[in-house]
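Residue numbers (the working numbering), protein chains in the order written: chain A, 31 to 296; chain B, 1147 to 1431.
It cannot be assumed that every hint is accurate.
Below, simulated EDC-like cross-link-like pairs (lysine to aspartate or glutamate); rule was C-alpha separation at most 20 Å, straight line [unchecked claim]:
no. : chain 1 : residue 1 : chain 2 : residue 2
1   : B       : Lys1328   : A       : Asp34
2   : A       : Lys209    : B       : Asp1156
3   : B       : Lys1395   : A       : Glu254
4   : B       : Lys1382   : B       : Asp1214
5   : A       : Lys84     : A       : Glu254
6   : A       : Lys209    : A       : Asp190
7   : B       : Lys1395   : B       : Glu1195
8   : A       : Lys84     : A       : Asp67
9   : B       : Lys1209   : B       : Asp1392
10  : B       : Lys1382   : B       : Asp1392
11  : A       : Lys128    : B       : Asp1156
12  : B       : Lys1427   : B       : Asp1392
13  : B       : Lys1244   : A       : Asp34
14  : B       : Lys1328   : B       : Asp1247
15  : B       : Lys1354   : B       : Asp1392
Note that these hints are calculated values from the structure, not bench results.
All figures in this text were calculated on a predicted structure; none of them were measured in a lab.
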Amino acid sequence: MKDDLLLRWILRSYTALVFLFVFAPIVASLVFSFNSDRFPTIPLGSFTTGWYVKAFSNPEVWDAALRSLVVSSVTAILSTAIGFSAAYTDYRYNFTGKTAFVVLALLPPTIPLIIFALAMLGWLSMFNASGMTVSIIIAHTVLCAPFAMAVIRLRLNQMDPNLEPAAWNLGASEWVTMKSVVIPFTLPSIIASLCLTAAVSFDEFAVAWFVSGLNKTIPVVILEILTGNIDPQVNAIGTAVFLVSITLVVIAQMLVMGRAKKPETT
Amino acid sequence: MTSREATKSDHYAIAWRLPLIVWQGLFFVGPLLFMVAMSFFLVKNYRMEAASQFTNWSRLLSKDFFWDAYFFTLFLAILATIITSVVAFPASYFLAFKASDGARRWAIFFLIIPFFTSYLVRIFAWQVILAQQGVINAGLSFLGLGPWQMLNTQFGTIVGYLVLCLPLAVILQTFSLASIDKRLVEAAHNLGCGRLRTVFTVVVPLAKTGLVVAAVFCFILCFGDFVSPYYLGGSKPPTLSILIIDTSKSGQQWPRAAVVAITMIVTLLAVALAAIGFAYKKRST
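Bound-form chain A, shown alone (with noise of 0.2 Å):
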């Protein structure tokens, strides 16, 4: 028993080393986003704000959180109408093809982000539709419909098969169903969705880096930042943007786990 007490103790430790490693960054960024060091080290300089005021002061930097906030909402919208009718139709039909759909449905992540970016810009340039704003949100509405889609056919797995039939049987038409039926029933993951593709959409960097042209978003604003010197700079507005995806990431996983749950208890 005592050697079970230590292996537990052991194994916790390097768990927590593990979450220690994994978080470590995103605490490091908000350290040294006050820190008067240009390259920060033990010991730690003074408390400045100098780094937020240096880079919010920066009107390129307006202009591309501007420009990230339309990305990412516009595409939240587009990829997660698209991943709710890929997800109501794997949930309801069954049709030749359908394996190639889900799987069309689901490859876009598999892609590695800069082939697709090279693909995407050679395809957009082609229709003379690169170097601007919606390009980007066509490139990012591909790579979020799969995660919009994944999210939302969760929590049409807990809706009861015979709801739908039980509603057009009342005399509910098809189209009345979906949104009295449907779309109700799946409201929180649709919100889920939501928030998780625009996280996803807003810290997106290799495709828009591509497709974007002078259309630059935040995450492009840091590569170019980075491809210079070492900028604390970069740790303010990266603080900036991990509080942002944190939160629309944490809303979408209470969204998710608070329905997961309900089956358990009813």
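Starting from the known structure of chain A, fit chain B onto it as the hints suggest.
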């Protein structure tokens, strides 16, 4: 029942099927097929012209720097996959077998967060931490060691790959370990099988599929990533993804970049299929 309803109103069924097919057809399948075609195009006076020439292929595949980059990328990705899987395993084992259900749920909750938060900024933070005058070297000098050169080395690249893959690897491994029938593990113990031996002869084989899937995801992510080898590894020598950026961004040589991209996709497909074949293979004993 539902199939009868489906035939009743085809418009409805088609309306839900179309968005994905149209969008992913136009903006996912389209671009990838176009990239294959693009690899046969020619660049004249910095402008791409449609053609069906094997020039890009033959020129690139006969270059040593391409194959150097290819095997270096493959080597790094395989190394990172092994290291990530091994580093993740004890933590996954703890979460799956030793932690309470609530603790496990929270652990997964927290591991999902970094997966969706800016990888770029996290790598920048590591760039600062690993720097010559960074936090780690400061700590080492306190112990009278170092400074060690960690930035712009393969070690740096591997750290970056761990940043990229570790959360996902722990999540996937935990799920596959947690789904093992615990009675089999107890049976092994009761039959006198030692703890470590149980892990390797009972737990790992039972969770093989999930462990391999986790490894495949690591491989895909590392093989295609350009941020870690560039910003932490110093791009010496360049990986395939950096080659794509160099040829397409600065050289305007999109067709040649397409050749690199296609060889990468073919490699990924081969590795993924082989691994999945291995994962689902029935054990011979």
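### Task
Starting from the hint list further up, note which numbers the structure goes against and sort them upward.
12, 15
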